[in-house]
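Q: Chains A and B, in that order, are what the protein sequence lines are. Mapping to full-length UniProt numbering: the first sequence position 255 is 255, numbers consecutive. Mapping to full-length UniProt numbering: the second sequence position 177 is 177, numbers consecutive.
Bear in mind the hints are in silico, worked out from the structure with no lab data behind them. Misleading hints may appear alongside valid ones.
One copy or two, it doesn't matter: identical chains are merged, so the pair holds either way.
To be verified - Keeping only pairs whose Cα atoms sit at most 27 Å apart, straight-line, the calculated DSS-like set for lysine-lysine is:
1) Lys161 to Lys78
2) Lys113 to Lys96
3) Lys82 to Lys96
4) Lys419 to Lys78
5) Lys113 to Lys93
6) Lys297 to Lys2
7) Lys42 to Lys13
8) Lys55 to Lys42
9) Lys13 to Lys2
10) Lys78 to Lys93
11) Lys50 to Lys161
12) Lys419 to Lys297
13) Lys161 to Lys42
14) Lys113 to Lys13
15) Lys422 to Lys82
2 protein chains.
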Amino acid sequence: MKVLSAEHYLQEKQNKSSQTDDSHLDESVMAIISEVRQEGDKALKRMTEKFDGVKLDRITVSEEEFLQAESAVNQAFKTALKTARENIEAFHKEQKEQSWFINQPGGITLGQKVTPIERVGVYIPGGKASYPSSVLMNVIPAQLAGVNEIAITTPPDRDGKVSPYVLAAAREAGVDTVYKAGGAQAIAALAYGTETIQNVFKIVGPGNAYVARAKKWVFGDVDIDMIAGPSEICIIADATANPRFVAADLLSQAEHDEAARPLLVTTSQQMADTVRDEITQQTEQLERQAIIQQSLKQNGRIILAETLSEAFATANAIAPEHLQLMIQEPFVNLANITNAGAIFLGDYSPEPLGDYAAGPNHTLPTSGTAVFSSPLGVYDFVKRSSVIHYPKEALNQVSEDIIRLAEAEGLTAHGQSIKIRKDDDHASSDRQSQDS
Amino acid sequence: MKVLSAEHYLQEKQNKSSQTDDSHLDESVMAIISEVRQEGDKALKRMTEKFDGVKLDRITVSEEEFLQAESAVNQAFKTALKTARENIEAFHKEQKEQSWFINQPGGITLGQKVTPIERVGVYIPGGKASYPSSVLMNVIPAQLAGVNEIAITTPPDRDGKVSPYVLAAAREAGVDTVYKAGGAQAIAALAYGTETIQNVFKIVGPGNAYVARAKKWVFGDVDIDMIAGPSEICIIADATANPRFVAADLLSQAEHDEAARPLLVTTSQQMADTVRDEITQQTEQLERQAIIQQSLKQNGRIILAETLSEAFATANAIAPEHLQLMIQEPFVNLANITNAGAIFLGDYSPEPLGDYAAGPNHTLPTSGTAVFSSPLGVYDFVKRSSVIHYPKEALNQVSEDIIRLAEAEGLTAHGQSIKIRKDDDHASSDRQSQDS
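Model the full assembly from the supplied sequences, consistent with the hints where possible.
A: Structure below.
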């Protein structure tokens, strides 16, 4: 694992390529999207055969398959799911937003009406691993927001089955609609609808490069959560940190995939050295060694900072998905953190705690996007409408200002809609009474 | 103006093409973006000469130009700007979000830390019209959110000048950094930076098709507000509405541009007829007749609904940018509206009131995107970070569940980072005291 100074790391970071450079993907993704838009289920099944290697008769998971899944997973797993769901609900209900209104002099009422998005689609990756935790993390905030229809889509395996863990999680979350579709074709189906798949207004959930690009393309026609990049962790450790914990947490990040970025920022040269040795030793006991070694080699960094404040500045410049403060007085130093998806405080709050059980969402801004975006939350599944009521007199009092501004913008008909209300006093008695 | 039933209108609406069909634009927009990324100011100036017809020495607006602008606009306009700013601030300060924390049994602390986005860029269109109101509507929420650096970019005219109204609005809002750059090249400069233009983390503001596509392309590297489409209004009028007001409000929408969509949904055939006549008469007195007639002909619709509840259902399916309820008891019927950017209640709350003076934002979701998005607000200029602190014992209590879920996902190193904390009790005394 490469060791370098904070200054050098930030220089190295400057040269990172941007996601818009992936444009070689776009041609194939666009082709997939337009085929699904034109041919619906037919195109979807054709691509499932092509990409997932299975010919599906039925795209929707049946009740029978749900029951098979439930018997396939053990009780301990179900208990874990239940604990996770309860904790995720407990945290996310704090995010619920209320509609509000204010009254201003002269009988003016202004407000903000909050309504849930009607239909949402959740993409859950398949392939090597399965992601029951992502089901809970994406579905529960939508439910708390009041979303009416939630559908999950996930690629089938070569036998046409989807992970029993994913189905058990869908059941635990109370979602009955699960589609066997993956990749860009699943995103297109959710965005534009097919005979089987009802179109949705927002698509959330992690996915591979094809899924990410497809989401970028349909964005605008539907909303999306974010363009997810490789997962990353940044651990700030001072001399008092436990190097075995630090190493284990960096490794838990590294096992995600080769592109994962495990970063340690430390003020202690000795910590840097000990963590390096720990990583070598602990790696030997781990299963996904090949992936881990690639991730450490390509993207793992141990960054030496002169002072803690340089360490914080470095972390803020990285804007990591996960930030662990393994230092003295982590709470006090929260004030120094401006850019991070999730912040873990102290020795016994490792990232996997947040990935699965603590309650906050594990869908977090990646690749430095924490400078502008937030964890997935209830706020992602509602929209707001402004509400404006002015009585006649109140309108008269601002009418001159409105007409001035409208004229400055060359929009005289805008001025006219105000003027006509001064000239013309007709309005039914019902509305008179209401508007004064 | 075409008259049709609600049912027929919704069928007609089905066939609307989506924004992703604009892909013929992409090649030129992508080319512009990569030139600006590679050559910075040089490319920016070259394109300003090409597209705006002026050779600029200096991209940034000078203090002298600000002063010239201030003397160029009259006092009444400045007063109008001040009224607008005060009302916009009064409404938007209600949107401010606080960080919050909760404590759970066992010494657990969870929370959500809210921080402003550090740097934001605001695009203001130039060309025929000028948009001082857009300056206030985009800048003020960012300021209330606590954004540190706000820069405005707007295309220069053939003399290399930018609108004095826009500069006066920038000054009223307290923004000193204004760049003379427009189109996709300005978006690229804000997203990736040039020698003169500091890169930002979020780009907001209206623009033409090139600007919209460029924003879509840079989205992911930076955040954007939305892909803005043509402006639209939907007026729900019952038999008691004032047809002269209804006509004037539809016309104020129609004058924006040929693509603007003025829609009337009414339960009264007589209202439909009277409004049609009114539109013909009032149009004759208006300046932008050519634009208005195109807009009415191409996109204007009078939609007949059997009942008010069909009218509400139709409006919710349209999800209009602006919705006016010119009916009896508009407040009571707010409960029936689920999809709209801004809702105007009663006879004396016409759209131009919201465009300029009432206080709620005039940057609203267009083209039906109100099904998933919201008016621009303070919430668009902050991001959230989850905060997680577990003491040792609390971690032990969920450790089994975490390990179960991690193993189900095949991520054994995740489990390891939990296990190692059970096996190993070392941690410095400072942290022991803190974590128990």
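Q: Look at each hint and say if it fits the structure.
A: Structure-based check of each hint:
1. Lys161 to Lys78: The answer is within: 20 Å in one copy meets 27 Å, while 67 Å across copies does not.
2. Lys113 to Lys96: both (13 Å within a copy, 15 Å between copies)
3. Lys82 to Lys96: within (21 Å within a copy, 34 Å between copies)
4. Lys419 to Lys78: between (66 Å within a copy, 20 Å between copies)
5. Lys113 to Lys93: Both: 18 Å inside a copy, 16 Å across copies.
6. Lys297 to Lys2: Within one copy only: 7 Å inside, 66 Å across.
7. Lys42 to Lys13: Only across copies: Lys42 and Lys13 sit 25 Å apart there, 44 Å inside one copy, limit 27 Å.
8. Lys55 to Lys42: within (11 Å within a copy, 54 Å between copies)
9. Lys13 to Lys2: Within. Shortest intra-copy distance 14 Å satisfies the 27 Å Cα cut-off; inter-copy 57 Å does not.
10. Lys78 to Lys93: within (22 Å within a copy, 45 Å between copies)
11. Lys50 to Lys161: Answer is within: at 16 Å inside a copy they meet the 27 Å cutoff, but 57 Å across does not.
12. Lys419 to Lys297: between (70 Å within a copy, 25 Å between copies)
13. Lys161 to Lys42: For Lys161 and Lys42, only the intra-copy Cα distance (19 Å) is at most 27 Å; the inter-copy one is 56 Å.
14. Lys113 to Lys13: For Lys113 and Lys13, the Cα distance is within 27 Å only across copies (26 Å; inside one copy 42 Å).
15. Lys422 to Lys82: For Lys422 and Lys82, the Cα distance is within 27 Å only across copies (23 Å; inside one copy 62 Å).
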